[in-house]
Amino acid sequence: MIPRERIRNFCIIAHVDHGKSTLADRLLEVTGTISKRDLTEQVLDQMDLEREKGITIKAKAVRMLYRALDGLDYQLNLIDTPGHVDFAYEVSRALASCEGALLVVDAAQGIEAQTLANTYQAIEHNLSIIPVINKIDLPSAQPEHVADEVERVIGLAREDCIMASAKTGVGTIEILEAIVRQVPAPVGEASKPVRALIFDSHYDTHKGVVAYVRMIDGQLRAGQKIVMIQTGITADLLEVGAFRPKGVQEASLEPGEVGYIATGLKSVADCRVGDTVTDASRPAPEALDGYQPVKPMVYAGFFPVESTDFPLLRDALDKLKLNDAALVYQPETSVALGFGFRCGFLGLLHMEIVQERLERDYNLNLLATVPSVEYEVLTTKGEIIRVDNPSGLPSPDRIDTISEPWMGIQVVAPKIYIGAIMDLVTARRGEYKKMEYLDEGRVLLQYSVPLAEIIIDFFDQLKSRTQGYASLDYAIEGLRAGPLVRLDVLVNGEPVDALSLIIHRDKAYDHGRVLVEKLRGLIPRHMFEIPIQAAVGARVIARETVRAMRKDVLSKCYGGDISRKRKLLEKQKEGKLRMKRVGNVEIPQEAFLAVLKLS
Amino acid sequence: MILRLGGGDKHIDPMTAGGPSAAYANRVRLDGKIGAPPPRWHTPRSAYIHVPFCRTMCAYCDFATFAGVEQHIPAYVASLADEIRIGSPGANPDVPLETMYLGGGTPSLLEPAQLETIITAIATRFGARLNLAEVTLEANPGFNPALIGSWVNLGVNRVSLGVQSLDDPTLKRLGRTHDAETAIRAVEALKACGSISVNLDLIYGLPWQTLEMWQEHLKRALETEPDHVSLYALAIEVGTPLASQVSSGQWSVPDDDLVADMYDVALPELTQAGFRHYEVSNWAKPGHESRHNLAYWRNEAYHGFGVGAHRYIDGRRSWNVRSLDHYLAAMQSGRPVEEGSETLGPDATPGETAMLALRMRDEGIDFARFIERFGIDPRERWRTIFDEVAPHGFLRVDDSRACLTDRGLLASNDIASRFL
Ligand SMILES: Nc1nc2c(ncn2[C@@H]2O[C@H](COP(=O)(O)OP(=O)(O)OP(=O)(O)O)[C@@H](O)[C@H]2O)c(=O)[nH]1
Ligand code: SF4
Ligand SMILES: [Mg+2]
Numbered sequence: 043m044i045p046r047e048r049i050r051n052f053c054i055i056a057h058v059d060h061g062k063s064t065l066a067d068r069l070l071e072v073t074g075t076i077s078k079r080d081l082t083e084q085v086l087d088q089m090d091l092e093r094e095k096g097i098t099i100k101a102k103a104v105r106m107l108y109r110a111l112d113g114l115d116y117q118l119n120l121i122d123t124p125g126h127v128d129f130a131y132e133v134s135r136a137l138a139s140c141e142g143a144l145l146v147v148d149a150a151q152g153i154e155a156q157t158l159a160n161t162y163q164a165i166e167h168n169l170s171i172i173p174v175i176n177k178i179d180l181p182s183a184q185p186e187h188v189a190d191e192v193e194r195v196i197g198l199a200r201e202d203c204i205m206a207s208a209k210t211g212v213g214t215i216e217i218l219e220a221i222v223r224q225v226p227a228p229v230g231e232a233s234k235p236v237r238a239l240i241f242d243s244h245y246d247t248h249k250g251v252v253a254y255v256r257m258i259d260g261q262l263r264a265g266q267k268i269v270m271i272q273t274g275i276t277a278d279l280l281e282v283g284a285f286r287p288k289g290v291q292e293a294s295l296e297p298g299e300v301g302y303i304a305t306g307l308k309s310v311a312d313c314r315v316g317d318t319v320t321d322a323s324r325p326a327p328e329a330l331d332g333y334q335p336v337k338p339m340v341y342a343g344f345f346p347v348e349s350t351d352f353p354l355l356r357d358a359l360d361k362l363k364l365n366d367a368a369l370v371y372q373p374e375t376s377v378a379l380g381f382g383f384r385c386g387f388l389g390l391l392h393m394e395i396v397q398e399r400l401e402r403d404y405n406l407n408l409l410a411t412v413p414s415v416e417y418e419v420l421t422t423k424g425e426i427i428r429v430d431n432p433s434g435l436p437s438p439d440r441i442d443t444i445s446e447p448w449m450g451i452q453v454v455a456p457k458i459y460i461g462a463i464m465d466l467v468t469a470r471r472g473e474y475k476k477m478e479y480l481d482e483g484r485v486l487l488q489y490s491v492p493l494a495e496i497i498i499d500f501f502d503q504l505k506s507r508t509q510g511y512a513s514l515d516y517a518i519e520g521l522r523a524g525p526l527v528r529l530d531v532l533v534n535g536e537p538v539d540a541l542s543l544i545i546h547r548d549k550a551y552d553h554g555r556v557l558v559e560k561l562r563g564l565i566p567r568h569m570f571e572i573p574i575q576a577a578v579g580a581r582v583i584a585r586e587t588v589r590a591m592r593k594d595v596l597s598k599c600y601g602g603d604i605s606r607k608r609k610l611l612e613k614q615k616e617g618k619l620r621m622k623r624v625g626n627v628e629i630p631q632e633a634f635l636a637v638l639k640l641s
Numbered sequence: 009m010i011l012r013l014g015g016g017d018k019h020i021d022p023m024t025a026g027g028p029s030a031a032y033a034n035r036v037r038l039d040g041k042i043g044a045p046p047p048r049w050h051t052p053r054s055a056y057i058h059v060p061f062c063r064t065m066c067a068y069c070d071f072a073t074f075a076g077v078e079q080h081i082p083a084y085v086a087s088l089a090d091e092i093r094i095g096s097p098g099a100n101p102d103v104p105l106e107t108m109y110l111g112g113g114t115p116s117l118l119e120p121a122q123l124e125t126i127i128t129a130i131a132t133r134f135g136a137r138l139n140l141a142e143v144t145l146e147a148n149p150g151f152n153p154a155l156i157g158s159w160v161n162l163g164v165n166r167v168s169l170g171v172q173s174l175d176d177p178t179l180k181r182l183g184r185t186h187d188a189e190t191a192i193r194a195v196e197a198l199k200a201c202g203s204i205s206v207n208l209d210l211i212y213g214l215p216w217q218t219l220e221m222w223q224e225h226l227k228r229a230l231e232t233e234p235d236h237v238s239l240y241a242l243a244i245e246v247g248t249p250l251a252s253q254v255s256s257g258q259w260s261v262p263d264d265d266l267v268a269d270m271y272d273v274a275l276p277e278l279t280q281a282g283f284r285h286y287e288v289s290n291w292a293k294p295g296h297e298s299r300h301n302l303a304y305w306r307n308e309a310y311h312g313f314g315v316g317a318h319r320y321i322d323g324r325r326s327w328n329v330r331s332l333d334h335y336l337a338a339m340q341s342g343r344p345v346e347e348g349s350e351t352l353g354p355d356a357t358p359g360e361t362a363m364l365a366l367r368m369r370d371e372g373i374d375f376a377r378f379i380e381r382f383g384i385d386p387r388e389r390w391r392t393i394f395d396e397v398a399p400h401g402f403l404r405v406d407d408s409r410a411c412l413t414d415r416g417l418l419a420s421n422d423i424a425s426r427f428l
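Chains as they are written, first to last, in the numbering used here: chain Y, 43 to 641; chain C, 9 to 428.
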């Protein structure tokens with residue numbers, strides 16, 4: 043067994059795509075944890091979606107044994123963290139489980155928004171940071187320049203930067219040696235009551251919930267009865283071990299070690315990230331700091347396209363929930379879309395992932411409504427209610443104030459785009475906070491922006507206005523009151539609940555106009571004229587008309603080919619059946635999707 | 009061989025002739041036994057014969073037809089005659105043929121002897137029992153007027169002429185081989201012979217066509233005094249040269265409202281010229297309605313012979329191969345030329361029948377006929393559809409039938425699809 047003094051726990055932090063997962067591959071390979079033959083690219087990204095999107099979604103830990111140049115064997119625990127801001131809380135728990143961090147910066151891209159955000163977090167967690175300049179093999183690499191930037195912006199000495207290529211393997215040994223030398227050994231005492239931090243978990247059909255833990259004090263063994271301090275849930279440990287990278291059972295988990303515990307529990311919600319595991323018979327008096335129950339930031343309605351699929355959707359959500367504590371949902375009924383679920387997500391990526399899994403793994407065809415944030419409404423009676431669905435907003439006369447979440451955002455971009463970024467942020471009701479030059483050419487911009495303005499198309503807009511050069515990071519700042527109203531859409535006089543949204547008063551007019559114009563093109567002509575109106579309260583602010591149908595005819599019978607004609611009309615009828623009916627108007631699915639793409 | 013024409017008396021109105029009960033009730037059957045003849049929706053009284061040859065291909069055409077393969081015409085005619093003699097599957101030989109339609113393609117490309125071969129085959133197959141009221145030949149302007157006499161001798165009493173437009177630049181763009189002048193002369197020659205009912209096909213809703221152009225050309229077409237006109241709103245069919253011109257941006261898809269305007273301006277024009285609007289796209293002087301086509305719209309049975317031909321016999325629809333080579337090879341080696349078939353169950357046939365019936369402006373869904381044929385009263389079966397559609401002025405329902413209005417005819421897809 044490796045003594046505690048020779049354990050090193052570290053994570054890799056980087057802006058998305060700067061090469062975290064690829065560097066992890068190299069470390070696994072050089073330490074012999076995985077043979078070259080077994081190495082697939084980004085070996086830790088096991089989920090289909092991770093492989094497809096090329097990003098890490100779930101945190102994972104892997105234990106490596108490394109014989110350092112001093113001739114001694116070290117236990118290195120690497121925690122690979124998700125790169126996306128939606129999973130910021132998981133990242134913070136992973137950081138809390140480490141003593142050190144490899145800060146990976148792309149030699150061609152330099153410091154980006156998430157590089158900074160992650161670095162600040164690592165500093166907050168008191169981690170010792172080892173800067174690694176990666177991808178030096180690229181023709182466009184400017185390692186010296188990036189090293190300057192690291193020194194100037196982050197304050198890490200440029201001579202401490204390790205020049206590496208996760209692709210060719212250059213620098214891997216230097217990185218391992220730096221970990222051994224610079225990352226402090228964990229502290230902890232075997233004799234104290236057990237305390238272990240859960241930094242991620244997944245559901246396994248045989249072993250139930252498997253939690254990734256960082257041992258602080260005490261020891262964990264199979265057969266032990268444990269309790270989760272925050273939730274009070276108990277379990278009998280089926281197994282303890284470490285991932286290398288396949289799960290390998292161990293006799294025990296010792297102070298300072300990182301490993302897994304198999305709990306037999308049925309749902310990851312019972313084993314929440316950030317909770318503290320302790321021994322049920324000798325519980326620790328206090329939980330570890332920093333526990334936060336996950337809180338959704340973005341809400342949307344999911345409705346099955348085929349209304350008969352509703353029970354399937356419910357089962358699928360129940361199953362996903364077993365492995366995704368952050369997902370919340372409750373049944374919702376829409377006049378336009380029928381039965382579905384109002385779901386809460388960590389962010390847009392999380393929403394996209396959930397939707398993709400429902401559609402792919404459970405073969406569901408879904409209609410998702412416009413994502414919404416959670417508003418806090420102070421009523422005239424002085425009650426506070428939370429509203430995550432525009433249709434749940436009280437009538438205007440009952441509202442005193444509406445508050446919405448605002449985010450602090452950081453953008454890193456070449457300075458020529460300052461104007462373009464400023465324009466976008468202003469259009470999104472953002473407020474300028476400050477600007478810093480990272481070097482002669484690049485700036486770090488900070489703003490406050492309402493989350494509601496970020497979740498619809500902000501990142502895509504930022505990318506396109508900066509030709510992909512800008513990077514973005516954001517974190518919640520707090521709630522602010524504002525003149526918010528609900529914009530309703532009426533089709534032939536009937537409100538279409540699924541098209542309502544909460545919006546700033548000053549934007550309602552423009553948005554309403556664009557929306558009804560778009561809908562006019564998407565709602566097919568009926569036998570009667572259909573007015574489409576956008577309204578705030580009782581006031582109609584925009585109106586378009588779908589004129590009555592005039593021509594919809596198969597002129598010719600194709601020389602006795604009745605079958606063809608009938609099939610064409612059958613298709614037309616099927617198309618109509620797939621539409622959603624509001625009053626006596628058939629609204630195609632695309633109309634509901636169109637509101638997602640307005641901007 | 010000269011066909012004896014029976015029942016082709018122009019004073020009998022095709023709109024009221026036929027029908028399940030009128031003409032054949034209590035007739036003496038041809039086998040000498042007394043009894044009702046098999047119903048028209050089971051046993052064909054009509055035959056369609058396809059001639060898949062054209063001089064060139066028109067830009068909008070997706071019919072089963074071929075240009076530049078005239079060398080195959082003799083072999084085709086021989087095979088076609090064979091197919092006719094072998095007979096349609098399930099055909100009841102006891103029932104006389106009333107209408108015959110030589111369509112294409114361009115049947116007027118055939119030489120009289122070739123037409124005679126085909127018609128002789130029909131006579132051999134149905135000979136003693138022929139009672140033909142209507143024999144239609146499709147023709148394109150540019151045929152030799154000297155042929156008209158031989159057509160009449162062969163029994164042709166209706167010619168459907170593919171005029172399409174009387175605007176020379178339009179005809180060029182459509183890839184037609186004739187000009188307006190030729191078309192007008194062709195109508196005159198046909199009219200002059202005295203015994204031929206002449207139909208003109210015209211297309212409207214062309215991407216470059218203005219309302220004024222259309223009105224002007226329709227007027228000129230009517231001045232030639234045809235007996236029947238078919239006005240087809242252009243359909244841009246995938247795979248045609250016109251479709252690729254549209255997708256390449258050379259033309260834009262004609263605006264639905266403009267096309268509707270074209271239809272609207274044509275209606276009074278035609279009424280004034282003495283035509284009766286009897287089907288979505290068809291107008292006839294009284295007595296000149298196409299009996300053959302009425303059989304389709306009434307969802308009655310018909311034979312089909314030739315490349316790509318469709319037939320409907322004993323409730324079964326089937327169709328021949330669309331490829332000329334496959335057809336010839338199959339016929340020559342005695343293999344079947346039928347490529348596919350479908351049989352609609354008793355649940356689906358009434359809906360299909362309604363879909364077709366609605367094409368007929370005044371006949372519409374005839375309640376008595378539906379009750380006789382299916383034992384179904386449309387007023388019960390389709391009550392909700394009637395209630396939903398009628399208030400908007402697209403459908404009229406009275407005691408005997410449900411018919412589309414002029415507005416309804418132009419929007420018939422939406423309405424007809426509800427019955428399927
Ligand atoms: N040329 C070159 N490419 C590299 C190097 N390291 C990583 N890459 C490529 O950069 C891309 C992103 O690498 P990943 O390892 O998936 O990045 P990541 O930081 O883990 O990304 P997230 O998990 O999404 O945060 C992949 O296409 C890698 O093949 C390197 O040293 N040189
Ligand atoms: S003449 Fe008629 S069948 Fe022949 S190509 Fe032209 S449109 Fe088609
Ligand atoms: Mg990764």
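Calculated directly from the structure, the hints in this document are not laboratory data.
Warning: the hint list may mix true and false statements.
Unchecked claim - Derived pair list, reagent style SDA-like, types lysine to any residue, alpha-carbon separation capped at 25 Å:
1. Y:K609 <-> C:T185
2. Y:K598 <-> C:N161
3. Y:K613 <-> C:T185
4. Y:K598 <-> C:E245
5. Y:K598 <-> C:E224
6. Y:K609 <-> C:E224
7. Y:K618 <-> C:A356
8. C:K227 <-> C:Q258
9. Y:K598 <-> C:T132
To see whether the hints hold, each was checked on the structure:
1. Y:K609 <-> C:T185: violated (33 Å)
2. Y:K598 <-> C:N161: violated (30 Å)
3. Y:K613 <-> C:T185: Between K613 (chain Y) and T185 (chain C) the Cα gap is close to 36 Å, so the pair fails against 25 Å, i.e. violated.
4. Y:K598 <-> C:E245: holds (12 Å)
5. Y:K598 <-> C:E224: holds (23 Å)
6. Y:K609 <-> C:E224: Status violated; Cα separation ~36 Å.
7. Y:K618 <-> C:A356: Answer holds: K618 (chain Y) to A356 (chain C) is near 19 Å, not above 25 Å.
8. C:K227 <-> C:Q258: violated (28 Å)
9. Y:K598 <-> C:T132: violated (32 Å)
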